[in-house]
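Residue numbers (our numbering), protein chains in the order written: chain A, 36 to 700; chain B, 5 to 306.
These are computed hints drawn from the structure, not numbers from a lab. One or more hints might be untrue.
Example chain B residues on the side facing chain A (calculated, C-beta under 8 Å, incomplete) [stated by the list, open to error]:
#, residue
1, 56
2, 71
3, 115
4, 118
5, 141
6, 152
Every value quoted in this text rests on a predicted model; they were computed, and no experiment measured them. Backbone N, C-alpha and C fix where the C-beta goes; we use that ideal spot for every residue, glycine too.
Listed here are the chains, written in short residue letters.
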Amino acid sequence: MLSLWMVLAAVAILALSGAPAYLLASHSKAGQRISTILMLIGSVVGLLGIARKISGVETPSLQFEWQIPWGQFDVSIDSISVIFLAIVFVAPVLGSIYGLSYWKSSEHPENSRRLGLFFGLLAGSMAMVTIARDGVLFLIAWEAMAISAYFASTVEEDSAEVRRAGYVYLVATHVGTLCLFAMFALWRHSTGSFELSASASSFSITGEMAGAIFILTIIGFGFKAGLMPLHVWLPGAHANAPSHVSAVMSGVMLKMGIYGIVRMTSLLVRPEIWWGSSLLIVGAITGVAGIAFAIGQHDLKRLLAYSSIENIGIIAIGLGLALLGKSQNRPDWVVLGFGAALLHVWNHSLFKSLLFLSAGSIIHAGHTREIDKLGGLAKKMPRLAILFAIGSIAICALPPFNGFASEWLLYIGLFRTLSPDSGVEGLPVIASVSVALAMIGALAVACFVKLFGTVFLGTPRSEATLHAHEPPKSMLLPIALLGAGCAFIGIFPSIVSPALESAAGEWAPSSASKVSISEVAPLRWISIMGGSLICLAGAIALILKALPRASVAIEAGTWDCGYARPAPRMQYTGSSFGGSIVDLFAFILRPEAKKPSIEGAFAKPSSHKSSVPDTVLDKLVLPIFRMAGRYLPALRVMQQGKTQIYVLYILIILIVLLLLETMGA
Amino acid sequence: MTEKIIHVALLLILPPLLFGVIGKTKAWFAGRVGPPLLQPYYDLIKLARKSMVFSRTTTWVFRAGPVVTLSAALIAGLMVPLGALDSPIAFTGDLILFAYLFGLARFFTTSAALDTGSPFEGMGSAREVTFACLTEPALFLALLVLAKASGSLMLTDLLHGPAEGFSSGMVAPLVLVGIGLFIVLLAETCRIPVDDPNTHLELTMIHEVMVLDHSGPLFGVILYASSIKMFVLGSVLLHVAFPFKTGEVWIDVSLFVLEILFLSILIGTIESVMARLQMRHVPYLLIAATLFCSFGFLLLVR
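Only chain A is shown next, with the shape it has when bound in the complex (with noise of 0.2 Å):
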């Protein structure tokens, strides 16, 4: 029980940590540093607490009635819960940490309060959609979630594209919140309450029904992690707030959707065959799509973000999987698939937040985001270097660090569906989506190597980048303990199997149980080989320096085929290393170019310019908007702008439901 106490003091001191700065000067270090000893505490504190509900067996919960209408004050804190608190008391306070020195009070004078404030609102309402198990408080606390994520990623409001990407974020999560109303009203119509439970759920909820609710899950929750094709909001939302908050929004928020999808289909307890694959089919197009997106980018930051849109999609295929599994009774393929889900969550939160915090040293140190004016910076900030290549390296999901554990898991339990004791006609066609993830694996080296190779390799590409230099302390540390948690992860996954394996055995507790991770999915090996490659390229590093003139290095000029006077404007760009790609795959990314022409005898001088923007948003969610537009302001005399009408509406619609119960009794 005191477990629950110290969360849900962790989320009121989280939720609360910005506001005593509001009582100091607007340019004071003491009020930002407050609110980050604030969040240091209360992540402390959660931490401490989830470390007790590990140690201990029960699961514990809290229900007191409330004076709200409907539902009741209902939290309760099990497995899976613990999976996603653990992310919220994570990556959040690094950001915070980190943002002491990239959104310092005195430069940003204006509005580093506000985005304390909503900060750690933001921190603080996402734990607790992790433990509420009432509808009604969890909508709450999921509101609370979208609006604080709103206010702290468009603090920069005076830019017309931030203004853009948060109307765009605040309808896409209106819209998806709309699906969670409709999701909990069948909910509570078939169970007669919002309690969220799969006790009250098992009996009461027929197949029509639970299909309906799952689809009603995905879409809604689908907009908030941002599965293709609900993601639109996301790309321009994470590049225009500040890194420290997109990494919260990357690394954590997106997580909560997940988690979304994933508390609802524990709760209803016989998924049918085809929730399973239309979720997996949705993941493999979302990651294929998503990377895809993310090497046509030339922003930084908006190719991390279709990167985040990748990942999710590769959680959605792990997802899929447990949920096949879940409906075929065969548990190797729920721990192996719902394992690799959630590691992968926590995976994803550990080098997401890594590289965007990372990005936002970038952009301080090029004054822009875009990749192909940035170039040479590991010479000029080798720690940042070294640090990205591992959150490269383990986004790409390569050995040794922490991407490949969950991946590999995941292939495992793919690999698993050929066994022909399924028993469905067919079913093995499911591992050929391991294929989608051998391209998204590919695809990812590509996108990465393009960004970290533009951005940190070759010669400075501007003048900014020319005298860039090492971020401060406080900036690189929480960086850098996201790197170890890389690292650690990557080499001693087993380490973090208990806990997976008793949320796999919550979310499907008649078939989970039967078969831990170890018995399946060796992952002792992946600490043996993870080690043993380490300890080869250090032997090998040794045998060449032992070697009897390697210490001569002579320094040189790049090879340029006797061209004398190779400039840094001639160096391949991020833009032309992703060209072929986006051309393979233009039928999707609809690429634009604007390509030079010459005219005349006397050439004049003539541009080439180049974007992939978003498909489905430029193309399809706009169109229909601006359609929108056109016919629907008819309606507007409903929109008198005069709150005392708004509630008459309120009032006859009241009555008009009153009426219509009266003659439906």
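We have chain A; now place chain B onto it with these hints.
Same frame as chain A, but now just chain B:
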């Protein structure tokens, strides 16, 4: 134990010979005498004794590239059974690590190329990562077919096939997969018709252009690593192409050596009688490899 020692010895010693055999074959087709069979070994020894030249633009990434590539290739080699020999390292799911080790090598090779800031090397690494996006699906489809046919997720069991041998229904899928894997082998080891290791124009190269700036021992490491890569991928293919074994260790080892040398002659022959494809046609060939493997997979699971 003897088997493990033989395995490691073969893995460390034999690979450069493949390049020697390919060179000899090409020389024979051209009516030349050609360099001696052991020339790749002489080259390695010569390179090991040289000093290195580094571009002023480069950082640690440039030096880490070859080192990581070689370690990844060696570890991948330890997980692949050579002919009838079981691999020294085998565990469930090692096939995924096997494939991803090549991904790691690719990450470092291409990053090291970008580290020089040369447009040519950028071009080469862009091509390398693009073509990998098409070979990777083919490789995984092939692994799926083999996993389904053998019922195992361990490379050793997977490549040796079921104890009673492949059933007749598996012949067609295995043939299709064999063709697909052969194309993957040619693409991954940068041979004609995908890439020409002997080309003289930087603009048209893929692999060679990425290592233009490496010199001395580091360049030797690159050559050695790429020969190991060919050896390892070649032995994967040989399991599909010649799934025969006698049960007698020494005969099987000699048989394996003969097979892999025959494979090098085959590659040399292809290099002698074919021209390389236009760069924009290469994706078609690689997609064809994916299609071969996909049909193999569909035949098996239908």
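Now for the hints, and whether the structure bears them out:
no.	hint	result
1	56	5 Å, holds
2	71	5 Å, holds
3	115	6 Å, holds
4	118	3 Å, holds
5	141	5 Å, holds
6	152	5 Å, holds
Checked against the numbered hints above, the structure breaks none of them.
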